[in-house]
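Visitor: Residue strings, one per chain:
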Amino acid sequence: MKDLKVCIMGFGAVGQGLAKVILLKKENLKELYGVNLKIVSVADSSSSVICSDGLDENELIRIKKETGKLKNYPEYGSDISGLDVLDACDYDVLLEAVPTNIDDAEPAKSLTLKAFKQGKDVVTSNKGHLALFYDELLGAAKENKVLFKFEASVGGTMPIINLAQETLPANKVTSIVGILNGTTNYILSRMTSEGTNYENTLKESQHLGIAETDPTQDVEGIDAACKTVILANSVLGIPAKYDDVKVEGISNITSEAIEIAGQEGYLIKLIAEVSEDHLEVSPRLVKKGSAFDINGTLNMATVTTDLSGEVTVRGIGAGSVETAAAMLTDLIHVIREKYYVDD
Amino acid sequence: MKMNLVLELSDTPGQLVSSLDPFRELGANLVSVIHDRSNITDNGNVSVQIAVEGDKDILEKLIDTLENKGMSILKVDGSLKTIKLSTILIGHIIDTDMRDTVDKINALDNITVVGMEIKLNHEEKSSGLITVELPIESKKIFLDKMQEIAKAKGLLLINEI
Numbered sequence: 009m010k011d012l013k014v015c016i017m018g019f020g021a022v023g024q025g026l027a028k029v030i031l032l033k034k035e036n037l038k039e040l041y042g043v044n045l046k047i048v049s050v051a052d053s054s055s056s057v058i059c060s061d062g063l064d065e066n067e068l069i070r071i072k073k074e075t076g077k078l079k080n081y082p083e084y085g086s087d088i089s090g091l092d093v094l095d096a097c098d099y100d101v102l103l104e105a106v107p108t109n110i111d112d113a114e115p116a117k118s119l120t121l122k123a124f125k126q127g128k129d130v131v132t133s134n135k136g137h138l139a140l141f142y143d144e145l146l147g148a149a150k151e152n153k154v155l156f157k158f159e160a161s162v163g164g165t166m167p168i169i170n171l172a173q174e175t176l177p178a179n180k181v182t183s184i185v186g187i188l189n190g191t192t193n194y195i196l197s198r199m200t201s202e203g204t205n206y207e208n209t210l211k212e213s214q215h216l217g218i219a220e221t222d223p224t225q226d227v228e229g230i231d232a233a234c235k236t237v238i239l240a241n242s243v244l245g246i247p248a249k250y251d252d253v254k255v256e257g258i259s260n261i262t263s264e265a266i267e268i269a270g271q272e273g274y275l276i277k278l279i280a281e282v283s284e285d286h287l288e289v290s291p292r293l294v295k296k297g298s299a300f301d302i303n304g305t306l307n308m309a310t311v312t313t314d315l316s317g318e319v320t321v322r323g324i325g326a327g328s329v330e331t332a333a334a335m336l337t338d339l340i341h342v343i344r345e346k347y348y349v350d351d
Numbered sequence: 044m045k046m047n048l049v050l051e052l053s054d055t056p057g058q059l060v061s062s063l064d065p066f067r068e069l070g071a072n073l074v075s076v077i078h079d080r081s082n083i084t085d086n087g088n089v090s091v092q093i094a095v096e097g098d099k100d101i102l103e104k105l106i107d108t109l110e111n112k113g114m115s116i117l118k119v120d121g122s123l124k125t126i127k128l129s130t131i132l133i134g135h136i137i138d139t140d141m142r143d144t145v146d147k148i149n150a151l152d153n154i155t156v157v158g159m160e161i162k163l164n165h166e167e168k169s170s171g172l173i174t175v176e177l178p179i180e181s182k183k184i185f186l187d188k189m190q191e192i193a194k195a196k197g198l199l200l201i202n203e204i
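Each protein sequence line maps, in turn, to chains Z and Y. Read in order, the letters of the first sequence correspond to residues 9 to 351 in the working numbering. Read in order, the letters of the second sequence correspond to residues 44 to 204 in the working numbering.
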């Protein structure tokens with residue numbers, strides 16, 4: 009049985025979700041692919057825990073939850089952090105889940121490029137580095153002959169990149185239109201069902217932990233715009249940059265606008281649109297009862313193709329275990345391609 | 044000559060009868076009227092298929108009259124399909140001259156404002172829904188014009204998908 013050693017960078021909601029899904033699925037992976045999945049290093053923003061024999065998933069989560077720092081992990085906790093973690097242990101695949109940074113994409117960009125140079129495959133849930141440096145990253149992965157997978161960066165657990173690339177490769181995708189941000193969809197859904205105004209609904213969402221304390225990335229459409237750029241590049245082959253996307257968020261939407269839209273049979277949704285001549289994130293009117301009529305934090309996307317017509321998917325757009333599940337799916341792609349020999 | 048029309052009417056009593064008034068007034072000869080109330084459109088309206096006979100100028104006048112009365116003509120002899128499109132503006136839509144906004148839209152060829160709903164709120168940001176009727180091929184002209192108006196007046200524009 010071959011060991012597959014993974015390094016997890018970033019141990020927030022998604023990182024901890026990874027520990028959970030690995031614990032749940034590693035026996036399965038042994039049976040199906042004959043690989044022994046081991047977490048050999050995990051890093052948070054200022055410390056790490058490293059052990060080449062593999063770490064205990066439950067203990068990792070417990071230590072992080074109870075003490076806030078991974079360096080408190082018995083025996084193997086360490087002050088090593090950041091890029092140095094990648095030198096401190098031998099690993100096969102980097103699972104990168106640090107927070108998205110849309111200003112300079114760090115530390116995700118440096119971590120990813122370093123892993124590539126070390127000849128390691130990388131699976132990410134990050135959006136910042138892909139939205140800002142897509143070509144550079146994909147070029148570096150190719151140059152170093154490693155795999156770079158990022159399904160989890162768009163739509164959480166909802167399949168969209170792999171759907172287009174792996175499931176519909178006979179088609180040319182001409183456009184993708186969808187709801188790619190769960191927080192704003194939740195806020196707009198609540199404003200519609202409760203008739204409440206934007207400010208109060210945002211506060212309620214923050215209270216429930218659906219919107220972040222600083223909600224800017226979600227409510228101003230920045231998060232959805234990053235995903236638009238990633239889909240444009242990865243699925244439609246458009247060399248788009250973040251600045252190419254026309255972005256308008258939902259903070260100016262009034263409850264009155266939602267009400268009059270409703271009287272005419274419409275809902276207001278934050279829609280991302282990706283096509284050759286159109287990259288846009290903006291509030292739009294959609295028909296009640298249409299594929300865009302989804303509530304709460306769900307995501308959806310309609311992929312328009314040349315041969316298969318329209319294909320629509322929907323699913324949970326965020327969340328710890330759900331996003332980690334998309335990363336595990338990408339990791340399984342890596343396993344199938346590089347580690348699994350069918351005899 | 045003979046002409047086939049498809050009208051869209053709201054599903055309320057009296058609509059069909061009043062839609063037929065112009066036919067009588069202009070002396071156009073009704074050949075058949077098919078009013079299918081089981082076939083309701085997305086916005087809760089019903090479509091009525093009408094075959095009519097008369098001189099060319101009378102039939103042309105009939106269409107104008109129906110349109111002026113605010114009737115939605117979906118098809119004339121199977122062509123000239125018009126669609127309804129809604130759009131919302133949010134901001135100081137009254138202060139930035141709503142009348143002017145509507146005039147600018149109506150000035151476009153074949154594009155007519157057929158509905159409007161405005162809600163004011165205490166924060167003085169009002170919200171307005173405008174519904175227009177246009178031939179499907181004029182959609183882009185309309186959307187471009189709305190972008191231009193919204194930009195010039197500093198309004199948030201919410202278009203149909």
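It should be emphasised that the hints constitute simulated quantities derived from the structure, not laboratory data. Just so it is clear, CB atoms sit at the ideal spot from N, CA and C, and this is done for glycine as well. Among these hints, one or two may not hold up.
Unchecked claim - Capping the alpha-carbon separation at 20 Å, the derived lysine-lysine pairs in PhoX-like fashion look like this:
1) Lys254/Z - Lys45/Y
2) Lys168/Y - Lys194/Y
3) Lys150/Z - Lys295/Z
4) Lys117/Z - Lys79/Z
5) Lys118/Y - Lys254/Z
6) Lys196/Y - Lys168/Y
7) Lys13/Z - Lys125/Z
8) Lys254/Z - Lys188/Y
9) Lys295/Z - Lys45/Y
10) Lys147/Y - Lys183/Y
11) Lys38/Z - Lys346/Z
12) Lys45/Y - Lys147/Y
13) Lys168/Y - Lys296/Z
14) Lys346/Z - Lys128/Z
15) Lys162/Y - Lys118/Y
16) Lys254/Z - Lys196/Y
17) Lys46/Z - Lys13/Z
18) Lys13/Z - Lys28/Z
19) Lys127/Y - Lys295/Z
20) Lys295/Z - Lys125/Z
21) Lys13/Z - Lys38/Z
To be verified - These stretches of chain Z come out as covered by chain Y in the derived footprint (C-beta under 8 Å, 3 or more residues):
22) 173–187
23) 260–270
As the list claims (entries may be wrong) - DEER-style ranges, computed between Cβ atoms:
24) Val60/Y - Glu212/Z: 24 to 34 Å
25) Ile126/Y - Glu284/Z: 37 to 47 Å
26) Glu191/Y - Tyr348/Z: 20 to 30 Å
Visitor: Holds or violated: the segment 260–270 of chain Z covered by chain Y, criterion of 3 or more residues with Cβ-Cβ distance under 8 Å?
Guide: It holds, with 9 qualifying residues against the three required.
Visitor: With the threshold set at 20 Å, check whether the alpha-carbon distance from Lys46/Z to Lys13/Z stays at or below it.
Guide: At roughly 5 Å apart (the allowed maximum being 20 Å), Lys13/Z and Lys46/Z satisfy the hint.
Visitor: Please verify whether Lys295/Z and Lys125/Z have alpha carbons no more than 20 Å apart.
Guide: Between Lys295/Z and Lys125/Z the Cα gap is close to 49 Å, so the pair fails against 20 Å, i.e. violated.
Visitor: Between Lys346/Z and Lys128/Z, does the CA-CA distance stay at or below 20 Å?
Guide: holds (11 Å)
Visitor: Please verify whether Lys150/Z and Lys295/Z have alpha carbons no more than 20 Å apart.
Guide: violated (43 Å)
Visitor: Taking only the CA atoms, is the gap from Lys118/Y to Lys254/Z under or equal to 20 Å?
Guide: violated (36 Å)
Visitor: Has the given pair, Lys162/Y with Lys118/Y, been kept, meaning a C-alpha gap of at most 20 Å?
Guide: violated (33 Å)
Visitor: Holds or violated: 24 to 34 Å for the Cβ distance of Val60/Y and Glu212/Z?
Guide: Once the Cβ atoms are compared, 50 Å apart, the range 24 to 34 Å for Glu212/Z and Val60/Y is violated.
Visitor: Check whether the Cα positions of Lys196/Y and Lys168/Y lie no farther apart than 20 Å.
Guide: With a Cα-Cα distance of about 13 Å, the restraint between Lys196/Y and Lys168/Y holds, given a limit of 20 Å.
Visitor: Can the restraint linking Lys13/Z and Lys28/Z be considered satisfied, given a maximum Cα separation of 20 Å?
Guide: Holds - the C-alpha atoms of Lys28/Z and Lys13/Z are around 16 Å apart, at most 20 Å.
Visitor: Given the proposed pairing of Lys117/Z with Lys79/Z, does the C-alpha separation stay at or below 20 Å?
Guide: violated (24 Å)
Visitor: Could you grab the alpha-carbon distance between Lys13/Z and Lys38/Z and see if it respects the 20 Å cut-off?
Guide: holds (13 Å)
The structure shown violates the earlier hints numbered 1, 3, 4, 5, 9, 12, 13, 15, 20, 22, 24, 25 and 26.
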